[in-house]
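Residue numbers (full-length UniProt numbering), protein chains in the order written: chain A, 1 to 317; chain B, 1 to 317; chain C, 1 to 317.
Check each hint, because a few of them may be wrong.
Stated by the list, open to error - Listed next, the in silico PhoX-like pairs over lysine-lysine satisfying Cα-Cα at most 20 Å (straight line): (1) B:K224 with B:K160; (2) C:K265 with C:K201; (3) A:K265 with A:K160; (4) B:K316 with C:K45; (5) B:K201 with B:K265; (6) B:K46 with A:K46; (7) C:K265 with C:K224; (8) C:K46 with B:K46; (9) B:K160 with B:K265; (10) B:K252 with B:K201; (11) C:K224 with C:K160; (12) A:K265 with A:K201; (13) A:K160 with A:K201; (14) C:K316 with A:K45; (15) A:K46 with C:K46.
What the hints contain is simulated information worked out from the structure, not anything from laboratory work.
Okay, here's what each chain looks like letter by letter:
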Amino acid sequence: MYNPQLNQHGELTHLLTTEGLPAPILRQILDRARNYANAAERDEKKHTTLAGKSVFNLFFENSTRTRTTFEIAAKRLSADVISLNIGASSTAKGETLLDTIHNLEAMGADMFVVRHAESGAPFLIARHVQPNVHVVNAGDGRHAHPTQALLDMYTIRHYKGEFNNLRVAIVGDILHSRVARSQIHALTTLGCPEVRVIAPKTLLPTGVEQLGVHVFHDMEAGLKDVDVVIMLRLQNERMSGALLPSAAEYFKSYGLSPDKLAHAKPDAIVMHPGPMNRGIEIDSTVADGSQSVILPQVTFGIAVRMAVMAILAENKQ
Amino acid sequence: MYNPQLNQHGELTHLLTTEGLPAPILRQILDRARNYANAAERDEKKHTTLAGKSVFNLFFENSTRTRTTFEIAAKRLSADVISLNIGASSTAKGETLLDTIHNLEAMGADMFVVRHAESGAPFLIARHVQPNVHVVNAGDGRHAHPTQALLDMYTIRHYKGEFNNLRVAIVGDILHSRVARSQIHALTTLGCPEVRVIAPKTLLPTGVEQLGVHVFHDMEAGLKDVDVVIMLRLQNERMSGALLPSAAEYFKSYGLSPDKLAHAKPDAIVMHPGPMNRGIEIDSTVADGSQSVILPQVTFGIAVRMAVMAILAENKQ
Amino acid sequence: MYNPQLNQHGELTHLLTTEGLPAPILRQILDRARNYANAAERDEKKHTTLAGKSVFNLFFENSTRTRTTFEIAAKRLSADVISLNIGASSTAKGETLLDTIHNLEAMGADMFVVRHAESGAPFLIARHVQPNVHVVNAGDGRHAHPTQALLDMYTIRHYKGEFNNLRVAIVGDILHSRVARSQIHALTTLGCPEVRVIAPKTLLPTGVEQLGVHVFHDMEAGLKDVDVVIMLRLQNERMSGALLPSAAEYFKSYGLSPDKLAHAKPDAIVMHPGPMNRGIEIDSTVADGSQSVILPQVTFGIAVRMAVMAILAENKQ
């Protein structure tokens, strides 16, 4: 079966989505990331893996935080990093997306890190680049955000060991979340036997059960005996209007407070992709509490992005 | 004769314009660029030529694409690169251009890459910097864009060999084009016997013949038997109003379509400085066709900018 | 006495203000800066002191000039530098300042260079970072701008030797100036016997004499026999309205013209933090004259910022 992320030897040449990515590839990334994380612990942050390579950060949709993590990851691998705010550039001059890409390729790009408001844009780019050029999806529309999902998998494995006896709950705006989609695919592939989603009906995509998840509309039932609680960020624009009554109402029903968390296993970990809306989707007591692994997620995120870039650079289409 | 770009030994200390630049200097740049281009082909992109040097990109006029090419070129030479969007900075605080320059010089700048909406601004800067500081004009008003012209010369020489038996046509908005001016001077100096310009009367400067070019208003006649076709970008703001009836009308008369290109020699190459307006000055069939060398231009542009910076760094005023 | 900038061994771990900083620490910074300045004179600009370290420029208040000096200083020490315009980023998404800091810390930050419109923000950050993370205040509200004051001390010592027989006048908008506050503290600590401030009453803070300065409202008397004249920048927004009659009126009374400067010692030096408003707080004849050391200040500023970063990196909380 054709997989646009793998070459004919089954090696990773682009990272576009966790959907359809074989478990050995996921584990290869997590294992490589562990090497980088361990080295950083020993204060060996800098590596020469991408010395002489040019990494282009193409953020058609603004995100300082994610762009920064990729910039740091690439610099720690000694790449030359060029960050372009493409919205303000050539597209304004009427150049097509592919013309922009081909131009940057002609400048000697080795890797594109792409965030785009339209689902599928990184796939389109990956289809058209030269065999020695790699594409990393840094978030496309509502579709996928694979490096976020991978750093979440890293975090879960770090604290909980293997996936095959874990119960994981994802809470919040599943409908609009590319993070949730990528997490569900990764968890399923890695053998997690029970993935739950907890959300009001208005924030769930129709047919979400077909992804292999169990649907809950109530926190008490949904969090019961889970090992991992993944909170999603509630976008400001959802907090009023048709989908939700109000932020206060949302917090009351779906905000993670200590009493709701008490239904999970006592050693359950709490995760969040950031940035957090304290008091809306998560209570500060929980966010800063002993079960929170939200800041380690960020640290692992650098190691995971380094691992992805390092692996891609080894493989040709 | 005094040349503000050369020192007393006749060596290049600033690159401000192709006008008045001796042929041996032009060839020195092209030859050095070939070394860098060949090294890049062997995947040796990174050099230490400018290690420890500070290159400042001063873009008083916004241009992500050109700024990016200089940033890449400087980083490939291992320089520290600082990119400043000056419009938004000190000039807003009422500081004069020369105060800004002297301040950056005092910070240890070794080279300024300057783009400015006013013709002559890089010359003013070059006149006031210290003897060990170099200025590269990255486009000033309607005046000059020497690195673009040099990369075009590189491209022509790469595909066509020497200049002394070539017929070159430059097509489009000659009136507002600093690129066209710089190309004409470079082609003439390098011994090209026949340079043609093809444009409607409203897009030609008065007295353009004095630059040594042949003027055509008709594509069929102008492209007849040429070896090289250089298309110019039509700025959006020209496409309506007094100078041109409409974009569609322009394409009909001056857009490069396969049937118009058929009047050129069968092995003629097609060039464009980018970004292209497909369907306005150039047809997609031609832009993506076998005679197009538009993407190689971009690749050569990195090598040419590296060559310019490397040569400048060797010479003192 | 607890000093938030020093560790238990009395070593510098953050640079937040010159207030309360012991003279040996100030001298340590100036001495280290001299090494870097001397090396730069020998064209040895690049050092490996911070190789593998990550320096984050966090400018919550925009300042291209100051940000650039820190960026250059960090790059000359071989650090990886990430510059964030935080105003446009996470704070817009509702994340708290400390959440942003903790996230960047989790990404492996070794040093934060912080500019913030609110006085005290860098102190808040310094109180919450890990023991191996350092904070440099690059200007907070009206409170402090210690690296500017330190480069001014460097400049004075460079031209005038020791501080214990100097008369220094600071002229202009003392009321709103964090630079003036930091200069006064540094001068006093370094043993300068006479610090004067010269300003209209509307631009002086109440009780300024308690800082140990002599107050003058008249330039002739205030500049009489001083060794050093430090002009302050007059912010545009002060030039009209309640505090000042007009820019022209201000220049007449407090602008540094050659005839006013004649009251200082014949070998007095003239300083300005930049960017200058020529013709408002300083006459061009003086700014460009033989007594001006305004551009050397900029050069020394790079060395001083390198020294601060290098010293901080050696010390743990």
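Each hint tested on the structure:
1. B:K224 with B:K160: holds, 17 Å
2. C:K265 with C:K201: Roughly 25 Å between the alpha carbons, so the hint for K265 (chain C) and K201 (chain C) is violated.
3. A:K265 with A:K160: Measuring from Cα to Cα gives roughly 12 Å; hence the hint holds.
4. B:K316 with C:K45: holds, 18 Å
5. B:K201 with B:K265: Not OK: K201 (chain B) and K265 (chain B) at ~25 Å, beyond 20 Å, violated.
6. B:K46 with A:K46: holds, 18 Å
7. C:K265 with C:K224: holds, 7 Å
8. C:K46 with B:K46: holds, 18 Å
9. B:K160 with B:K265: holds, 12 Å
10. B:K252 with B:K201: Measuring from Cα to Cα gives roughly 16 Å; hence the hint holds.
11. C:K224 with C:K160: holds, 17 Å
12. A:K265 with A:K201: Roughly 25 Å between the alpha carbons, so the hint for K265 (chain A) and K201 (chain A) is violated.
13. A:K160 with A:K201: violated, 30 Å
14. C:K316 with A:K45: holds, 18 Å
15. A:K46 with C:K46: holds, 18 Å
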